[in-house]
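The listed protein sequences derive, respectively, from chains P and E.
According to this note's numbering, the stretch in the first sequence is residues 1 to 385, in order.
According to this note's numbering, the stretch in the second sequence is residues 1 to 385, in order.
Read the hints as simulated data drawn from the structure, not as lab findings.
Note that the structure is a prediction, hence the values are computed from the model and not measured.
Any given hint might turn out to be false.
Given that identical chains are not distinguished, each listed pair holds provided it fits within a single copy or across any two copies.
[What the hints assert, rightly or not] Lysine-lysine pairs mimicking BS3-like chemistry, simulated, CA-CA at most 30 Å apart:
no.: 1; residue 1: Lys-216; residue 2: Lys-317
no.: 2; residue 1: Lys-308; residue 2: Lys-228
no.: 3; residue 1: Lys-312; residue 2: Lys-216
no.: 4; residue 1: Lys-47; residue 2: Lys-328
no.: 5; residue 1: Lys-233; residue 2: Lys-328
no.: 6; residue 1: Lys-233; residue 2: Lys-308
no.: 7; residue 1: Lys-312; residue 2: Lys-228
no.: 8; residue 1: Lys-47; residue 2: Lys-308
no.: 9; residue 1: Lys-216; residue 2: Lys-308
no.: 10; residue 1: Lys-228; residue 2: Lys-328
no.: 11; residue 1: Lys-47; residue 2: Lys-317
no.: 12; residue 1: Lys-233; residue 2: Lys-216
no.: 13; residue 1: Lys-229; residue 2: Lys-47
no.: 14; residue 1: Lys-47; residue 2: Lys-216
no.: 15; residue 1: Lys-216; residue 2: Lys-328
no.: 16; residue 1: Lys-229; residue 2: Lys-328
no.: 17; residue 1: Lys-229; residue 2: Lys-308
no.: 18; residue 1: Lys-328; residue 2: Lys-308
no.: 19; residue 1: Lys-233; residue 2: Lys-47
no.: 20; residue 1: Lys-233; residue 2: Lys-312
Chain by chain, the residues run as shown.
There are 2 protein chains.
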Amino acid sequence: MIFQPQLRIPGPAPLPERVVRAMSQPMIDHRGPEFAALLEEVVRGAKQVFGTQNDVIVMSSSGTGGLESAIVNLVTPGDRVLAAICGNFGERFAEMAAAYGAELIRHEVEWGQPVDPDDLRRLLASHPEVRLVLLTHNETSTGLTNDLEALVRVVREAGRLSVVDGVSSVSSMPVEVDRIGADVVVSGSQKGWMAPPGIAFAAVSQAAWEHSERSKGPRFYFDWAQHKKFAAKGATPWTPAVSVLFGVREGIRMLLEEGLDNAYARHRRCADAVAAGLQAMGFSLFAAEGYRSATVTAAVPQQDVDVKAYRKLLREKFGVVIAGGQGKLEGRLVRVGHLGYVTEGDMVQVLWGMEQALEELDIRANEGAGVSAAVASLNRAAVPA
Amino acid sequence: MIFQPQLRIPGPAPLPERVVRAMSQPMIDHRGPEFAALLEEVVRGAKQVFGTQNDVIVMSSSGTGGLESAIVNLVTPGDRVLAAICGNFGERFAEMAAAYGAELIRHEVEWGQPVDPDDLRRLLASHPEVRLVLLTHNETSTGLTNDLEALVRVVREAGRLSVVDGVSSVSSMPVEVDRIGADVVVSGSQKGWMAPPGIAFAAVSQAAWEHSERSKGPRFYFDWAQHKKFAAKGATPWTPAVSVLFGVREGIRMLLEEGLDNAYARHRRCADAVAAGLQAMGFSLFAAEGYRSATVTAAVPQQDVDVKAYRKLLREKFGVVIAGGQGKLEGRLVRVGHLGYVTEGDMVQVLWGMEQALEELDIRANEGAGVSAAVASLNRAAVPA
């Protein structure tokens with residue numbers, strides 16, 4: 001059987017042909033004028049996507065490296081740091097801060113539930129010594145999107161700095177860094193940016209810069225000040241992942257041509273279609289209603305489903321690659337990514353494959369109900385002209 | 001005027017068409033079987049290139065990130081570390097160690113001169129508290145290659161650990177990690193590997209692993225233990241630069257098809273041709289004789305040459321991109337890279353352009369003497385059948 005591969009993990013996301021072709025260029029001097037133009041366009045576009053006039057630092061690493069940059073530039077060993085944790089990535093962010101000497105206050109929320117702004121307000125009131133608050137916008141492990149605007153408002157009103165893992169949200173859903181007043185927001189190229197992995201972004205507010213200048217965390221590769229100094233000359237301090245940046249530039253061009261609001265609406269329509277389809281097939285959604293992510297849907301299958309075997313069958317027979325659960329959810333969840341280069345038709349195809357595979361495993365999947373529910377969801381959604 | 005671009009900086013190096021095409025592939029799941037096969041082939045090939053059976057860690061970063069990985073995995077803040085410095089990259093390596101809390105013993109050698117093994121032996125004898133010795137194999141800023149085998153022998157005989165910046169040497173000249181007994185050697189994909197920037201390698205000996213397990217340096221993104229744990233499952237701990245790895249795999253295939261010894265000899269022939277040509281044109285070579293690098297030639301031009309204007313003319317009129325001096329050598333040197341995807345014919349073309357550009361600037365360049373000397377050098381060199 002041949003198939004059109006459907007890479008539907010929550011990143012790396014599939015690459016548009018335009019992006020693949022954009023990477024097919026001769027190598028250039030990373031200190032020359034062509035590179036300066038490349039970096040300038042990427043930074044200018046990234047600022048539009050982040051919705052910010054703050055500096056956007058471009059680093060050659062995965063999103064995890066981008067998050068590490070926030071920790072090493074902001075945390076002085078011994079600092080008390082509040083980490084709001086509602087899944088595996090929040091957990092990782094907290095571990096990273098601890099690795100660099102932060103004394104953590106761990107605010108743990110049941111996985112699948114959002115962080116409550118009122119809880120955060122109370123915690124901050126009882127911990128006046130805390131300067132940094134680590135937040136996860138989109139928790140990829142549970143398919144949940146926190147109300148970032150509300151959480152950042154609480155942090156700002158308490159006079160602290162918000163440090164946001166936006167790795168899998170920025171470019172796929174509105175973040176609007178300047179409007180909501182987030183201090184640091186990090187993202188990664190392999191998510192909604194429609195580019196290959198290898199580039200991380202950090203949007204850094206003036207207050208965060210001032211904090212970083214005072215902070216004594218050890219840093220070199222991820223030192224924002226070095227990046228800022230070289231960016232002023234149209235370069236990066238260390239040799240950047242040039243080919244990946246060619247792809248990032250093209251991905252940003254495509255996003256801006258589509259229009260960010262259109263891209264966000266497309267993600268939402270795909271997410272709603274998947275949610276409807278999976279529920280009709282007998283899955284139950286893992287994330288709390290009202291907080292379901294536009295980029296990844298986490299769902300608990302019917303109890304007879306062996307997640308590992310199901311994913312293998314999907315991959316090998318239908319070309320549909322989805323993710324399983326992470327951390328304590330390993331083996332319990334499937335996660336369908338719908339971010340970046342994703343369309344409504346892809347979702348219909350993916351759900352059809354997921355339905356067929358369930359039937360092959362002799363799991364009753366309401367025969368076609370999943371695809372029908374997805375199509376009905378798409379029919380209800382308003383598609384911009 | 002149209003031209004065949006000649007990117008002749010000491011990295012990023014030009015990409016073979018095969019490598020560019022190899023990157024033109026759909027994105028894959030970084031936790032799936034295709035990625036496991038990709039990583040396995042890259043690691044197996046990298047071990048051949050390093051000449052080692054030690055673990056080779058594959059990280060998504062520039063070579064500088066690879067060097068940082070050595071520091072954060074091996075240095076406990078307060079450790080006394082000996083840094084042998086003979087140029088800008090040795091300086092950077094030392095600064096990085098200091099940033100992570102090393103108490104440095106700086107062994108500074110005049111730029112352009114090699115590190116003397118006897119000096120190193122004496123220094124180690126008078127500093128029994130030192131465990132780590134930072135060495136630069138190929139000092140890109142001065143066009144000098146240290147006698148790594150002799151230096152590593154001194155370190156080993158003194159019972160210390162050698163930590164080698166091999167960023168711009170490994171894959172272009174023999175390193176033979178196991179034979180010489182180097183503990184840690186780092187390289188970067190954009191050099192002799194004929195691949196784009198974005199991947200760093202670290203070859204790690206058993207003694208270095210044991211040291212890293214005891215060391216208390218803060219680390220997360222570059223934590224070797226995490227990389228080793230995930231490598232056993234055919235994956236990386238964080239999302240890797242997949243497209244770059246497609247290119248790295250193809251570059252390694254090309255290197256092994258050519259044969260490593262042939263590749264090393266090709267680099268040497270190109271270096272010797274450039275050295276002969278530049279000298280005939282009135283440049284003087286910067287690095288001490290007997291230590292001139294196979295991957296980059298640093299040369300001081302005649303005193304009337306404005307290096308910046310010369311490089312600009314070369315780039316814009318002849319498509320020849322060369323580097324200038326770094327650090328305290330800025331404006332004083334030109335540096336011609338000849339590493340990775342480079343052939344003898346490229347060198348003739350580059351020297352012809354360099355000669356023409358000198359004439360355009362009204363600098364007497366012995367009219368054709370540079371190209372003639374390069375051709376004579378190539379005629380003297382034994383080319384394998």
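The hints, checked one at a time:
For the identical chains of this complex, Lys-216 and Lys-317 are neighbours neither inside a copy (53 Å) nor across copies (47 Å), given an alpha-carbon limit of 30 Å. Taking the shortest alpha-carbon separations for Lys-308 and Lys-228, only the inter-copy value of 23 Å comes in at or below 30 Å, while the best intra-copy value is 45 Å. Proximity of Lys-312 and Lys-216 under a CA criterion of 30 Å is satisfied in neither setting, with 47 Å inside one chain copy and 40 Å between copies. Taking the closest pair of Cα atoms, Lys-47 and Lys-328 never come within 30 Å of each other, the shortest separation being 36 Å inside a single copy and 35 Å across copies.
In this assembly of identical chains, Lys-233 and Lys-328 lie within 30 Å of each other by CA distance solely across copies; the values are 18 Å between and 46 Å within a copy. Taking the shortest Cα distances, Lys-233 and Lys-308 sit within 30 Å of each other only across copies (15 Å), while inside one copy they are farther apart (50 Å). Taking the closest pair of Cα atoms, Lys-312 and Lys-228 come within 30 Å of each other only across two copies (25 Å); inside a single copy the shortest separation is 45 Å, beyond that limit. For the homomeric pair Lys-47 and Lys-308, neither the shortest alpha-carbon distance inside one copy (40 Å) nor that between copies (32 Å) is at most 30 Å.
Within a single copy, Lys-216 and Lys-308 get their C-alpha atoms no closer than 45 Å, and across copies no closer than 37 Å, so neither meets the 30 Å cut-off. Taking identical chains as interchangeable, the C-alpha atoms of Lys-228 and Lys-328 lie at most 30 Å apart only when they sit on different chains, with a minimum of 22 Å there against 39 Å within one chain. Within a single copy, Lys-47 and Lys-317 get their C-alpha atoms no closer than 41 Å, and across copies no closer than 35 Å, so neither meets the 30 Å cut-off. Taking the closest pair of Cα atoms, Lys-233 and Lys-216 come within 30 Å of each other only inside a single copy of the chain (26 Å); across copies the shortest separation is 36 Å, beyond that limit.
Proximity of Lys-229 to Lys-47 under the C-alpha cut-off of 30 Å is restricted to the intra-copy arrangement: shortest distance 18 Å within a copy versus 37 Å between copies. Only within a single protomer do Lys-47 and Lys-216 lie at most 30 Å apart by alpha-carbon distance; the minimum there is 28 Å, versus 38 Å between protomers. In this homomeric assembly, Lys-216 and Lys-328 come within 30 Å of each other (Cα to Cα) only across copies, at 28 Å, whereas the closest approach inside a single copy is 34 Å. For the identical chains of this complex, Lys-229 and Lys-328 are inter-copy neighbours only, at 18 Å across copies versus 42 Å inside a copy, given an alpha-carbon limit of 30 Å.
Taking the closest pair of Cα atoms, Lys-229 and Lys-308 come within 30 Å of each other only across two copies (21 Å); inside a single copy the shortest separation is 48 Å, beyond that limit. For a Cα distance limit of 30 Å, the shortest separation of Lys-328 from Lys-308 inside one copy, 15 Å, qualifies, whereas the shortest one across copies, 58 Å, does not. For a Cα distance limit of 30 Å, the shortest separation of Lys-233 from Lys-47 inside one copy, 18 Å, qualifies, whereas the shortest one across copies, 37 Å, does not. For the identical chains of this complex, Lys-233 and Lys-312 are inter-copy neighbours only, at 16 Å across copies versus 49 Å inside a copy, given an alpha-carbon limit of 30 Å.
Hints 1, 3, 4, 8, 9 and 11, counting from the list given before, are not met by this structure.
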